[in-house]
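The primary structure of each chain is shown beneath.
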Amino acid sequence: MEYNKVCLMYRNQDCTIDGIRSALGLAVENMYAYGCVMDEPKMEKFTELQVESLEMLRDMEGDVLATKASNCELNDLKPITIEELGEKLRDMTHIIPYGIIKA
Amino acid sequence: MKILNVYRSEPDDTTKKLVEIVGRDRDVDSFDLNVDAPDYDALVDKIFAADQTICWW
Amino acid sequence: MSKSLGIFVTNSDQFKHVMGITKAAKAKGSSVKIFFTWDATKNPKQEAGFSELCKIADDVSICADSYKNMGYNVEDVPEGLDASKMATQTQHGIIIEDYDCYLSL
Numbered sequence: 043m044e045y046n047k048v049c050l051m052y053r054n055q056d057c058t059i060d061g062i063r064s065a066l067g068l069a070v071e072n073m074y075a076y077g078c079v080m081d082e083p084k085m086e087k088f089t090e091l092q093v094e095s096l097e098m099l100r101d102m103e104g105d106v107l108a109t110k111a112s113n114c115e116l117n118d119l120k121p122i123t124i125e126e127l128g129e130k131l132r133d134m135t136h137i138i139p140y141g142i143i144k145a
Numbered sequence: 698m699k700i701l702n703v704y705r706s707e708p709d710d711t712t713k714k715l716v717e718i719v720g721r722d723r724d725v726d727s728f729d730l731n732v733d734a735p736d737y738d739a740l741v742d743k744i745f746a747a748d749q750t751i752c753w754w
Numbered sequence: 140m141s142k143s144l145g146i147f148v149t150n151s152d153q154f155k156h157v158m159g160i161t162k163a164a165k166a167k168g169s170s171v172k173i174f175f176t177w178d179a180t181k182n183p184k185q186e187a188g189f190s191e192l193c194k195i196a197d198d199v200s201i202c203a204d205s206y207k208n209m210g211y212n213v214e215d216v217p218e219g220l221d222a223s224k225m226a227t228q229t230q231h232g233i234i235i236e237d238y239d240c241y242l243s244l
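Residue numbers (the numbering used here), protein chains in the order written: chain C, 43 to 145; chain L, 698 to 754; chain X, 140 to 244.
Take the hints with a grain of salt, since some may be wrong.
Calculated lysine to any residue pairs in the SDA-like style (CA-CA distance at most 25 Å, straight line) [stated by the list, open to error]: (1) C:Lys130 <-> L:Ala739; (2) X:Lys172 <-> L:Phe745; (3) L:Lys713 <-> C:Glu129; (4) X:Lys165 <-> L:Phe745; (5) L:Lys743 <-> X:Met209; (6) C:Lys84 <-> L:Ala739; (7) X:Lys207 <-> C:Asn54; (8) L:Lys743 <-> X:Met158; (9) L:Lys713 <-> C:Asp56; (10) X:Lys172 <-> C:Ser112; (11) C:Lys120 <-> L:Ile718; (12) C:Lys47 <-> L:Trp754; (13) L:Lys714 <-> C:Met98; (14) L:Lys743 <-> X:Gly159; (15) X:Lys172 <-> X:Asn208; (16) X:Lys155 <-> L:Asp742; (17) X:Lys194 <-> L:Ala734; (18) L:Lys743 <-> X:Glu236; (19) C:Lys130 <-> L:Arg721; (20) C:Lys84 <-> L:Ala734; (21) L:Lys713 <-> C:Ile142; (22) X:Lys207 <-> C:Met98; (23) X:Lys172 <-> L:Asp709; (24) C:Lys87 <-> X:Asp198; (25) C:Lys47 <-> X:Lys194; (26) X:Lys142 <-> C:Arg132; (27) X:Lys162 <-> L:Tyr737; (28) C:Lys110 <-> L:Pro708; (29) L:Lys743 <-> X:Lys207; (30) X:Lys142 <-> L:Pro708; (31) X:Lys172 <-> L:Pro735; (32) L:Lys713 <-> C:Glu125; (33) X:Lys167 <-> L:Ala734.
Hints in this document: simulated from the structure, not taken from any laboratory. Computed from a predicted model, the values in this text were never measured in an experiment.
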C-alpha cells in the first residue's frame, strides 16, 4: 500500500499552531505528515500541549521543520533550507501552502 | 508527472524558488487566481488534467 | 465520468473562489467535498452564499475546534450544516485519501 505524504508550510505564527494540528490530524489518518515553519522571524515558545502534539507527530514518523535557526532552537524543530525543502516537496503526494503570508 | 501551480497572490522569491525545484524536469502548468474574474471552468479542467495541484499563497 | 474534487479551505478570503470552483466542477459532473478549517470557519457566519454552497457541493463540513477558536459556539450550527458536519480534521484526511483531485485555498 502506498501511503500519502503531505507537507504543510506555514508563513505566520497563527497558521503554524493550527497547521501543526492539521498535520497531526493527517498523521493519525496513517499519512506521513510534515510541517515547515517559514519566514516567521521569532516563533512563540510552544505550550505544553503543542510540545505534546509535536512529540505525537514524531512518534508517527512525521515532523515539523523550520527555516530559521532561532525557531529550531526555541522549539526543538529540525532545521531545513529552502532548497532542501524544495527537494523534500518533490517527494510529497500533497503540498499545502497553509494560510496566508504575514502582511 | 504533471504539476499545476495555482497562485493566490504574486509569488515572492521563496515561492518562486520552491516552484522551480518542485517543477524541475516535470510537466508544469499554472493558473493565476489573483485576477478580477478567474475562469473557474478553465481552472477545473487544469486541476483534472494535473497529477498534483499546488495552490501557493 | 468526471473526477472527484476535494477542497481544503484555510483562509476566509477565498470563499468566492471556493464557490466559483465548486460550481464549475459540479457543472462537469464532479463530486465535490469541502472542508473549512482555521480562519475559513468564519465563512459560514460571514458569507451570505454559504448555505447555497452547502446545497451545490456534495459534502461540506467545518472544523469544530477551529470554529470555537474563532469565537463561535459549536452549539450554534451554521445555516446549511447539521451537527454531524461540525467535524474534525479527519474530514481533511478523507479528502486526501478518497478524492481524485485535491485543492487547498
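Verification of the hints:
1. Between lysine 130 of chain C and alanine 739 of chain L the CA atoms are separated by roughly 30 Å; this puts the pair beyond 25 Å, and the hint is violated.
2. With a C-alpha separation of about 15 Å, the suggested pairing of lysine 172 of chain X with phenylalanine 745 of chain L holds against the 25 Å cut-off.
3. Taken as a hint, the lysine 713 of chain L and glutamate 129 of chain C pair is honoured in the structure, with Cα atoms around 14 Å apart against an allowance of 25 Å.
4. For the suggested pair lysine 165 of chain X and phenylalanine 745 of chain L, the alpha carbons sit about 13 Å apart, so the restraint of at most 25 Å is met.
5. Taking the CA atoms of lysine 743 of chain L and methionine 209 of chain X, the gap is near 34 Å; set against the 25 Å cutoff, the hint is violated.
6. Between lysine 84 of chain C and alanine 739 of chain L the alpha-carbon distance is near 40 Å, which puts this suggested pair outside the 25 Å criterion.
7. For the suggested pair lysine 207 of chain X and asparagine 54 of chain C, the alpha carbons sit about 20 Å apart, so the restraint of at most 25 Å is met.
8. At most 25 Å may separate the alpha-carbon atoms for a hinted pair to count; lysine 743 of chain L and methionine 158 of chain X meet this at roughly 17 Å.
9. For the hint pairing lysine 713 of chain L with aspartate 56 of chain C, the CA-to-CA distance comes to about 23 Å; that is within 25 Å, so the pair holds.
10. With a C-alpha separation of about 39 Å, the suggested pairing of lysine 172 of chain X with serine 112 of chain C is violated against the 25 Å cut-off.
11. Taking the CA atoms of lysine 120 of chain C and isoleucine 718 of chain L, the gap is about 21 Å. The hint holds against a cut of 25 Å.
12. For the given pair, lysine 47 of chain C sits about 20 Å from tryptophan 754 of chain L by alpha-carbon distance, which is consistent with the 25 Å threshold.
13. For the hint pairing lysine 714 of chain L with methionine 98 of chain C, the CA-to-CA distance comes to about 31 Å; that exceeds 25 Å, so the pair is violated.
14. Of the supplied pair hints, the one linking lysine 743 of chain L and glycine 159 of chain X holds, its CA atoms being roughly 14 Å apart against a limit of 25 Å.
15. Simply put, lysine 172 of chain X and asparagine 208 of chain X have alpha-carbon atoms about 23 Å apart, close enough for the 25 Å limit, and the pair holds.
16. For the suggested pair lysine 155 of chain X and aspartate 742 of chain L, the alpha carbons sit about 18 Å apart, so the restraint of at most 25 Å is met.
17. Taking the CA atoms of lysine 194 of chain X and alanine 734 of chain L, the gap is about 23 Å. The hint holds against a cut of 25 Å.
18. Proximity of lysine 743 of chain L to glutamate 236 of chain X is assessed by CA-CA distance (about 20 Å); at most 25 Å being required, the pair is judged to hold.
19. Of the pairs offered as hints, the one joining lysine 130 of chain C and arginine 721 of chain L holds, with about 13 Å between alpha carbons and a cut-off of 25 Å not exceeded.
20. Distance check on the hinted pair: lysine 84 of chain C and alanine 734 of chain L sit about 37 Å apart at the alpha-carbon level, beyond 25 Å; violated.
21. Taking the CA atoms of lysine 713 of chain L and isoleucine 142 of chain C, the gap is near 16 Å; set against the 25 Å cutoff, the hint holds.
22. Of the supplied pair hints, the one linking lysine 207 of chain X and methionine 98 of chain C holds, its CA atoms being roughly 23 Å apart against a limit of 25 Å.
23. Annotation: proposed proximity of lysine 172 of chain X to aspartate 709 of chain L is violated, straight-line Cα distance about 30 Å (limit 25 Å).
24. Of the supplied pair hints, the one linking lysine 87 of chain C and aspartate 198 of chain X is violated, its CA atoms being roughly 37 Å apart against a limit of 25 Å.
25. Annotation: proposed proximity of lysine 47 of chain C to lysine 194 of chain X is violated, straight-line Cα distance about 32 Å (limit 25 Å).
26. Between the alpha carbons of lysine 142 of chain X and arginine 132 of chain C the distance comes to roughly 23 Å, so the proposed pair stays at or under 25 Å and holds.
27. With a C-alpha separation of about 8 Å, the suggested pair lysine 162 of chain X and tyrosine 737 of chain L falls inside the 25 Å cut-off, and the hint holds.
28. At most 25 Å may separate the alpha-carbon atoms for a hinted pair to count; lysine 110 of chain C and proline 708 of chain L meet this at roughly 20 Å.
29. Distance restraint check for lysine 743 of chain L and lysine 207 of chain X: the Cα-Cα separation of roughly 35 Å exceeds the 25 Å cut-off, and the hinted pair is therefore not satisfied.
30. For the given pair, lysine 142 of chain X sits about 28 Å from proline 708 of chain L by alpha-carbon distance, which is inconsistent with the 25 Å threshold.
31. Between the alpha carbons of lysine 172 of chain X and proline 735 of chain L the distance comes to roughly 21 Å, so the proposed pair stays at or under 25 Å and holds.
32. For the hint pairing lysine 713 of chain L with glutamate 125 of chain C, the CA-to-CA distance comes to about 11 Å; that is within 25 Å, so the pair holds.
33. In summary, the hint linking lysine 167 of chain X to alanine 734 of chain L is supported, as the alpha carbons are separated by about 19 Å, within the 25 Å threshold.
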